[in-house]
Amino acid sequence: MRIEIKFGGFGGQGIILMGNITARAAAIYDGKNAVFTPSYGPEARGGAASSNVVISEEEIDYPYVTNPDILVVMSQGAYEKFAPILKDDGLLIIDEDLVKLKNGEGKVAKIPATRIAEELGKRIVANIVMLGFFTGVTKLISYDAIKKAVLESVPARFRELNEEALEKGYRQGIEWQEE
Amino acid sequence: MRIEIKFGGFGGQGIILMGNITARAAAIYDGKNAVFTPSYGPEARGGAASSNVVISEEEIDYPYVTNPDILVVMSQGAYEKFAPILKDDGLLIIDEDLVKLKNGEGKVAKIPATRIAEELGKRIVANIVMLGFFTGVTKLISYDAIKKAVLESVPARFRELNEEALEKGYRQGIEWQEE
Amino acid sequence: MKKQIKFYSGNIAAAEGALVAGCRFFAGYPITPSSEIAEHMALRLPQVGGVFIQMEDELASMAAILGASWGGAKSMTATSGPGFSLMQENIGLGAMTETPCVVINVQRAGPSTGMPTLVGQADIMQARWGSHGDYEIIALSPFSPQECFDLTIKAFNLAEEYRVPVIVLMDESVGHMFEKVVIPPKDKIKIVERKKPTVPPEKYMPYKAEDFVPEMACAGEGYNVHVTGLTHDEKGYPQATDPEVQDRLVRRLCDKIRKNEKKLRDIEEYEMDDAEVAIVSFGISARSSKAAVRLARQRGYKVGLIRLKTIWPFPDEYFEKLADEIKKFVVVEINYGQIKLEVERNVGRDKTFLLPKMGGEIHKPDEIYRKIKEVYNGN
Amino acid sequence: MKKQIKFYSGNIAAAEGALVAGCRFFAGYPITPSSEIAEHMALRLPQVGGVFIQMEDELASMAAILGASWGGAKSMTATSGPGFSLMQENIGLGAMTETPCVVINVQRAGPSTGMPTLVGQADIMQARWGSHGDYEIIALSPFSPQECFDLTIKAFNLAEEYRVPVIVLMDESVGHMFEKVVIPPKDKIKIVERKKPTVPPEKYMPYKAEDFVPEMACAGEGYNVHVTGLTHDEKGYPQATDPEVQDRLVRRLCDKIRKNEKKLRDIEEYEMDDAEVAIVSFGISARSSKAAVRLARQRGYKVGLIRLKTIWPFPDEYFEKLADEIKKFVVVEINYGQIKLEVERNVGRDKTFLLPKMGGEIHKPDEIYRKIKEVYNGN
Amino acid sequence: MKNNNWKDKMKYWVKKELKPPHGKVYIIKDRCKGCGFCIEFCPQGVLQESEEFNAKGYHPPKLVETDDKKCIGCGFCSLICPEFAIHIEKEEEKDEKTD
Amino acid sequence: MKNNNWKDKMKYWVKKELKPPHGKVYIIKDRCKGCGFCIEFCPQGVLQESEEFNAKGYHPPKLVETDDKKCIGCGFCSLICPEFAIHIEKEEEKDEKTD
Amino acid sequence: MEIEAKSHPLDRYLRAERIPHIWCPGCGLGTVLNCFLHALEETNINLKNLAVVSGIGCTGRVAGYINVDSYHTTHGRAIPFATGLKLANPKLKVVVFSGDGDLFAIGGNHFIHAARRNIDMTVICVNNYNYGMTGGQLGPTTPLEARTTTAPYGNIEHPFNLCHVAAASGAVYVARWTSLHVRRLKESMKEALNKKGFSFVEIIAPCPTAFGRRNKEPTGLETLKYYKEHSVIKHGIDPAEADIEMGGDIIVGKFVDIEKPTFDEAVHELIKKARK
Amino acid sequence: MEIEAKSHPLDRYLRAERIPHIWCPGCGLGTVLNCFLHALEETNINLKNLAVVSGIGCTGRVAGYINVDSYHTTHGRAIPFATGLKLANPKLKVVVFSGDGDLFAIGGNHFIHAARRNIDMTVICVNNYNYGMTGGQLGPTTPLEARTTTAPYGNIEHPFNLCHVAAASGAVYVARWTSLHVRRLKESMKEALNKKGFSFVEIIAPCPTAFGRRNKEPTGLETLKYYKEHSVIKHGIDPAEADIEMGGDIIVGKFVDIEKPTFDEAVHELIKKARK
Ligand SMILES: Cc1ncc(C[n+]2csc(CCOP(=O)(O)OP(=O)(O)O)c2C)c(N)n1
Ligand SMILES: Cc1ncc(C[n+]2csc(CCOP(=O)(O)OP(=O)(O)O)c2C)c(N)n1
Ligand code: SF4
Ligand code: SF4
Ligand code: SF4
Ligand code: SF4
Ligand code: SF4
Ligand code: SF4
Ligand SMILES: [Mg+2]
Ligand SMILES: [Mg+2]
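Residue numbers (numbering that gives the first Met the number 0), protein chains in the order written: chain P, 0 to 178; chain R, 0 to 178; chain C, 0 to 378; chain H, 0 to 378; chain A, 0 to 98; chain X, 0 to 98; chain E, 0 to 275; chain W, 0 to 275.
Where hints are given, some of them may not hold.
Per label pair, the in silico range of CB-to-CB distance [unchecked claim]:
1. R:Lys109 - H:Lys234: 37 to 47 Å
2. P:Lys86 - A:Glu51: 28 to 38 Å
3. C:Arg250 - H:Arg348: 14 to 24 Å
Covered by chain H, according to a simulated footprint, are these stretches of chain C (three or more residues, beta-carbon under 8 Å) [said to hold, decoys possible]:
4. 123 to 131
5. 350 to 362
Since the hints were made in silico from the structure, they are not lab data. All C-beta atoms in this analysis are idealised placements derived from N, C-alpha and C, irrespective of residue type, glycine included.
Based on the provided sequences and hints, a complete structural model is requested.
So this is what it looks like as structure tokens:
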């Protein structure tokens with residue numbers, strides 16, 4: 000089955016990296032087919048950022064995300080921009096401190112990813128916390144795979160921190176699942 | 000009838016101007032159709048020069064000279080290069096001091112144009128002497144027409160000299176004709 | 000005022016035509032065999048109050064004539080193959096920003112430096128496709144000094160009417176050949192001026208077009224126009240991430256030429272009334288072709304000549320219709336088959352024959368006549 | 000050594016392909032959406048002993064890779080539309096002097112600056128006709144990061160084999176998309192090296208070719224070669240006023256590609272066995288097209304896909320033959336009809352349908368499917 | 000008209016003043032991108048980052064004290080702000096909003 | 000070999016000589032385009048225009064006197080000739096044609 | 000208390016509907032534009048006759064924000080475009096506003112030739128040491144050893160000293176400031192605008208997003224602090240002595256201010272003669 | 000008696016079958032080529048490793064006459080072509096031989112950038128004040144007031160001072176001679192050939208056909224006489240002071256001779272580092 004995932008937030012949050020890691024984990028370590036496409040504005044200046052991942056057991060022809068099955072947002076702007084294209088029965092994942100839900104959504108999973116990251120001492124690993132959460136919640140990707148993909152994306156000296164961030168997020172994801 | 004004329008010599012003799020004047024005289028002052036095409040080498044550096052004129056009462060389609068009816072040459076090089084393409088019954092006009100004929104030619108008209116020009120005090124009007132001669136010999140163009148065309152091509156202060164040169168040549172041409 | 004008769008080369012005639020059309024700015028860079036145009040403009044423009052500037056290269060020349068056009072002047076440049084290649088990016092900018100201007104390409108034999116002083120006709124496709132992206136230009140091809148004069152005037156008129164770069168595709172032979180040129184009295188020459196906005200600045204939409212072509216406000220006229228090579232909306236502002244804006248813009252840019260093909264069509268038909276075989280040609284090649292048709296007619300061949308004066312937009316419809324009447328088409332051109340591809344597209348490959356020349360010389364009427372015979376007799 | 004699996008964008012994959020093919024010189028100028036290629040080469044080339052240089056513009060980049068090729072290196076540049084326009088003159092020099100090199104054009108939406116970060120496929124015709132004069136190049140079009148890797152290697156091989164600039168016509172979508180890329184073991188990858196002269200310098204004729212492609216002696220090898228963009232004889236010397244030399248040279252330059260079309264042909268046929276309607280597409284558009292074919296097949300339409308991997312030389316003969324079997328051709332491309340013109344030339348206008356996009360987005364499979372239905376049902 | 004007044008004022012600032020003047024600080028909060036230039040380089044240290052977020056998620060500047068007499072109206076903040084988010088009115092002039 | 004000899008000679012000329020040397024003048028007549036550079040700038044006035052025409056129609060230079068001892072073999076003519084039409088051999092060296 | 004405002008006195012010089020601009024937080028470009036608009040305020044230029052021409056780049060977007068006739072051309076070609084504009088319409092005041100890459104990499108030739116000809120225009124170059132728009136590649140002004148996306152091992156190319164090149168090419172007015180020197184910059188811009196002939200103002204400005212963050216100045220503020228510590232004003236020195244090095248002082252000031260006949264004057268003189 | 004000869008000792012450096020060359024009687028190009036070949040004679044460069052690159056123009060034809068690997072490229076692009084050649088094959092000695100128009104009009108940008116980067120090559124520019132090949136148009140070095148086919152009323156553009164531009168761009172060796180200074184020119188060429196980095200030699204030379212005859216020097220000889228009277232040797236002066244004016248003195252000499260790391264060295268250094 001073809002699964003479409005969209006990540007959204009603003010520049011500096013590492014949104015592009017989230018898409019890249021997710022798709023790489025699926026493709027390289029889980030042996031599925033996966034395509035990642037970053038979203039480019041007129042120029043790569045600050046502002047809104049988003050990235051797209053398609054995962055499938057079959058060949059992926061059309062590579063873009065048009066109606067995401069899963070929408071992961073880390074800013075109010077991204078939420079407002081992309082929520083309308085989320086599939087009717089799609090899953091919304093948000094950083095609960097950064098996004099205020101507007102109208103009755105369907106399935107929603109929340110985590111204070113940025114706050115958790117700050118607690119870990121590095122605000123910039125919020126995206127990794129979120130990736131862990133996403134993995135736990137959706138089970139789309141094996142934990143092993145995402146972990147490998149995360150670790151090879153970060154400089155050696157930040158490996159431990161990132162692993163912790165990922166795990167924290169992942170555990171909350173599992174919990175959410177079990178709820 | 001279509002008449003093809005080729006002028007040949009070396010750079011600095013005013014060969015290009017001869018073609019231009021001849022064709023202009025025919026076209027503007029004699030009311031015929033005429034095309035003039037200069038001949039360009041790989042670059043416009045010294046060396047051989049030639050120019051081509053086609054005159055006709057009818058429309059002229061193909062503008063180049065391939066088999067001249069009349070060949071006017073002012074250098075040995077030009078003579079050797081172009082004599083082979085002169086029509087079988089074509090007319091050859093030469094500066095007799097500068098061109099040594101090789102094998103039995105057909106119709107030939109000779110004039111010591113450069114010597115005459117030197118006698119007039121300006122070697123560079125040799126081409127105009129030759130044009131006068133050409134006019135007298137061939138009667139292709141009216142004297143009036145060639146005179147107008149010559150005079151509008153030269154700076155005011157050289158008008159008289161050029162008129163004299165033209166006339167000298169022309170008279171010899173008429174004489175040649177009468178012989 | 001009455002008509003004058005001059006003895007001009009094609010290059011001089013084109014320059015004089017430009018002056019008559021109202022050209023008051025020329026920026027160029029010398030290149031054989033077009034340099035006489037620049038030289039003549041350097042002499043003549045100041046006499047009529049215009050500006051001549053020799054730029055540092057052809058990129059600059061092309062950019063400068065676009066600037067001058069927005070400064071309110073009718074502007075032009077002239078070049079040959081290598082320079083034409085260098086102009087392509089800014090021809091694209093001209094098409095995108097809808098800047099009226101005229102580019103003369105006196106074609107020599109290529110590719111690359113090739114034969115600088117000798118004839119070629121191999122920049123035909125480049126004139127249409129040389130810049131990146133989808134766009135359309137107009138290209139005209141004169142076959143005599145007289146037509147160099149006439150079609151250069153027409154080029155300026157079309158540039159203003161359609162707000163598009165117009166290419167005059169001359170060739171070395173036509174450019175360097177001298178012939179009689181009749182200059183009609185001024186009042187007999189049609190001159191087109193660009194459409195100016197009729198609304199006040201607040202209401203003006205620089206890229207909104209009723210009938211394909213928007214009105215044009217130049218610098219200093221108080222309209223505070225923004226002009227960009229980015230995809231832009233009707234206000235002229237960049238909208239470089241909106242595919243709908245792109246769709247509307249690019250379609251209009253192309254369609255303003257494509258949909259007006261019939262109006263832009265300019266074809267001379269010679270002995271076509273009962274023709275079974277048609278020669279298709281243009282520029283200097285059409286002169287040889289005409290001579291060949293005369294020859295062939297004398298010998299009883301039902302042959303005619305279709306001479307393209309407007310090369311782009313290509314008259315697809317015209318050829319499509321003709322395909323029913325004419326048995327065979329022989330394309331005579333000084334290249335390895337360019338217009339031939341266009342003809343083929345319209346009349347079919349089996350009906351299309353090519354008599355190419357790689358450049359450096361023009362066809363002799365004889366060669367064409369032989370080809371006619373061969374094609375006519377069906378082998 | 001065994002195969003590796005990487006997760007690369009098309010741009011990175013192309014750069015890695017170049018390195019595997021033996022590219023040891025890259026000169027470029029940044030431009031979206033191709034810059035990652037330059038950036039990756041800047042990082043990687045020094046690691047394999049190659050030279051990266053960022054030049055002052057695209058004119059310089061193109062000239063530099065020609066120079067490097069004569070210096071003995073396999074060389075490459077990468078750009079997008081505006082830069083590609085600027086390279087045209089020196090692509091012509093490359094064709095004329097038969098200099099092996101690779102130019103990647105990651106197409107964005109044009110014309111002019113257009114939409115710098117978004118997809119287009121409108122430089123197809125430019126790739127063939129962008130420089131003045133008659134010449135031929137080879138152009139390949141990958142539709143996935145894997146193919147960016149594979150076809151870049153192939154591009155280098157063809158450049159060396161045919162001594163011609165080879166264009167890799169990517170598009171922004173393929174360039175920026177990340178996907179699995181399999182890097183085969185080294186010994187499984189075919190690498191072609193240029194043919195070197197086998198005779199001593201006195202006997203060497205640098206532009207004499209037995210079989211279309213002459214042997215190539217580079218600088219410092221003792222052959223004292225003269226290389227010129229002027230029309231030249233077999234010795235390599237300028238003969239810029241001899242139409243016969245021109246004829247021989249230009250015919251060979253063109254025919255070495257044209258006459259090898261069949262060898263150069265590279266087409267993927269998908270579901271074509273019993274197809275009545277064929278989609279013709281390439282690059283990213285072919286991915287949407289493939290999805291559409293799947294959709295249509297599920298609903299019983301006998302539709303197939305012809306995906307062009309080699310775009311130039313165009314497979315005329317292939318289409319001409321197919322025209323007897325296939326009822327209708329639908330060309331799906333992100334431009335206003337370019338490959339469509341080529342298809343039309345071969346199969347006829349009545350059989351050719353176009354589903355264009357002006358750029359900034361790719362076709363949705365749905366749209367294509369609707370077009371298939373429409374064409375299939377005959378309106 | 001208003002704008003012209005403002006223009007005159009600008010010219011006025013350029014002149015050297017004898018007694019320390021005062022300035023009134025205007026801020027267009029939603030334009031601010033939080034670069035901190037105005038805060039860092041105000042010669043009087045008049046400005047500081049506010050806690051509030053603007054629509055873009057940045058903290059626009061605010062006055063350090065509610066008493067804004069410390070601002071000498073030098074206009075530096077107004078000149079350096081990359082976002083046209085801050086401007087000044089001289090106190091001596093009669094109070095007049097610029098918008 | 001011959002060429003190498005010639006090369007050695009060139010190097011030798013560059014050195015300052017103590018006693019005035021002599022030079023032998025070689026002219027390739029048909030290469031000359033009659034620019035007159037060698038004639039005008041020969042420090043010894045050794046050369047003059049000949050009356051004869053060469054194949055191209057120019058007058059190549061010749062020595063002023065049949066006695067060519069006036070030439071000091073300075074090599075200036077050989078360096079300035081645009082046509083590679085003139086070159087020099089030093090007299091002291093054993094006479095050896097260069098072609 | 001600060002007063003909340005909705006608009007800015009300079010808004011009338013801006014295409015206000017296009018604000019906020021695209022530039023990053025901490026980018027120097029907004030400051031430079033701000034100074035330019037202030038300079039316009041304070042000169043007597045009739046805005047109707049002002050035309051701004053830009054090439055492509057972050058700086059190149061300036062043309063799109065100023066509410067006058069403005070032209071956003073192709074990369075590197077702002078100057079020849081502006082040359083045509085000015086020569087076709089001599090009453091225009093023409094300002095070229097563009098980046099170091101646009102004006103001195105791809106556009107370098109046009110710059111030196113326009114300076115040579117002394118075309119009457121003002122060229123304002125924002126030098127942020129790199130190509131901001133395309134994501135931070137090496138540029139002709141990138142200091143030695145600096146890191147960029149295309150110089151991952153550190154830059155090995157000697158950079159241009161733009162003011163020196165301008166002076167050697169023939170510019171009649173040459174000045175350099177940083178984007179911290181807002182007052183002097185504004186004054187310099189006024190001088191340049193009032194100067195007849197080819198005037199050139201270089202502004203060293205932060206590009207935190209593409210350059211700063213790879214070179215230990217991740218915010219514009221840090222870069223401005225660097226300017227504060229390292230700028231040295233030296234009016235009138237030979238610009239040859241104002242090279243810029245990583246970690247070194249930045250010499251700023253007005254280096255050239257001379258008189259020379261302009262091309263524009265000469266050409267209109269010539270026309271007068273030819274028409275007689 | 001003069002001795003009639005059939006060949007010339009330098010013939011082995013020439014593609015002798017292509018002599019006579021295309022240049023006009025009295026043209027300075029033959030002299031410059033002659034000096035260059037003499038310079039080659041006197042240096043120890045292995046001809047196998049010498050490559051000569053030209054652009055388009057009369058001067059550009061030089062590449063076609065020297066019997067080494069030689070490249071006649073497109074107009075203006077000799078320098079970037081040579082850059083690729085040199086970087087791909089570091090053992091080559093690369094010489095660019097071209098005209099003032101080719102190197103400084105259309106090719107100006109490449110010149111200043113190669114000088115800036117200090118690419119290891121020798122650039123020899125024959126400055127004949129105009130475009131000879133295309134028939135005598137204005138060039139970037141045409142003196143003010145001179146007449147050319149595109150300046151029929153006299154030139155109004157300030158010319159470049161090529162040596163000044165070269166120095167400002169970063170060249171490590173800069174010298175100027177006329178084609179009359181054959182000995183000094185030859186020595187200068189030798190110095191330039193032996194110099195590591197971007198070296199530049201400008202030669203003022205007559206073009207009687209296209210320039211001289213429109214400017215009262217209808218023969219090369221007359222131009223050479225002018226040089227004789229008006230050349231002033233000033234080694235080591237600031238090239239800024241060596242402007243050229245119609246009818247004025249021509250300042251010649253060696254102006255710059257400095258040391259600076261070359262791009263080539265740096266890039267191969269970098270490769271070594273990266274490979275570790
Ligand atoms: C012909 C061409 N080549 C390359 C580009 C891509 N490009 C756009 S802006 C730019 C560089 C901008 O640098 P700079 O002028 O310094 O401006 P900045 O963004 O730093 O202000 C480049 C290379 C282009 N648009 N056109
Ligand atoms: C792109 C391009 N533009 C123009 C030309 C025409 N062209 C050939 S040589 C030349 C100028 C030569 O001048 P210069 O370099 O000074 O050489 P010279 O002939 O004076 O030695 C020009 C403009 C060309 N070949 N290519
Ligand atoms: S005007 Fe001057 S003192 Fe007042 S806040 Fe601004 S910078 Fe500070
Ligand atoms: S300078 Fe402007 S953008 Fe920066 S913090 Fe102050 S108000 Fe905000
Ligand atoms: S070598 Fe010297 S002295 Fe002898 S002829 Fe030549 S220039 Fe005169
Ligand atoms: S310098 Fe050479 S070409 Fe000139 S006159 Fe002397 S021998 Fe003849
Ligand atoms: S990338 Fe750099 S120059 Fe461009 S807007 Fe951002 S900070 Fe400014
Ligand atoms: S035109 Fe001038 S530069 Fe060219 S060969 Fe003749 S004299 Fe020399
Ligand atoms: Mg920059
Ligand atoms: Mg020159």
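Status of the hints after comparison with the structure:
Between Lys109 (chain R) and Lys234 (chain H), the C-beta spacing of about 42 Å keeps the proposed range 37 to 47 Å intact. For Lys86 (chain P) and Glu51 (chain A), the Cβ-Cβ distance of about 36 Å falls inside the hinted range of 28 to 38 Å, so the restraint holds. As the Cβ distance of Arg250 (chain C) to Arg348 (chain H) is approximately 20 Å, the hint placing it in 14 to 24 Å holds. Check result for the region 123 to 131 of chain C against chain H: holds, 7 residues qualifying (beta carbon to beta carbon below 8 Å, three or more required).
A count of 5 residues in the region 350 to 362 of chain C with a Cβ less than 8 Å from any Cβ of chain H is obtained; the coverage claim is therefore met, three being the minimum.
Hint compliance for this structure: no hint is broken.
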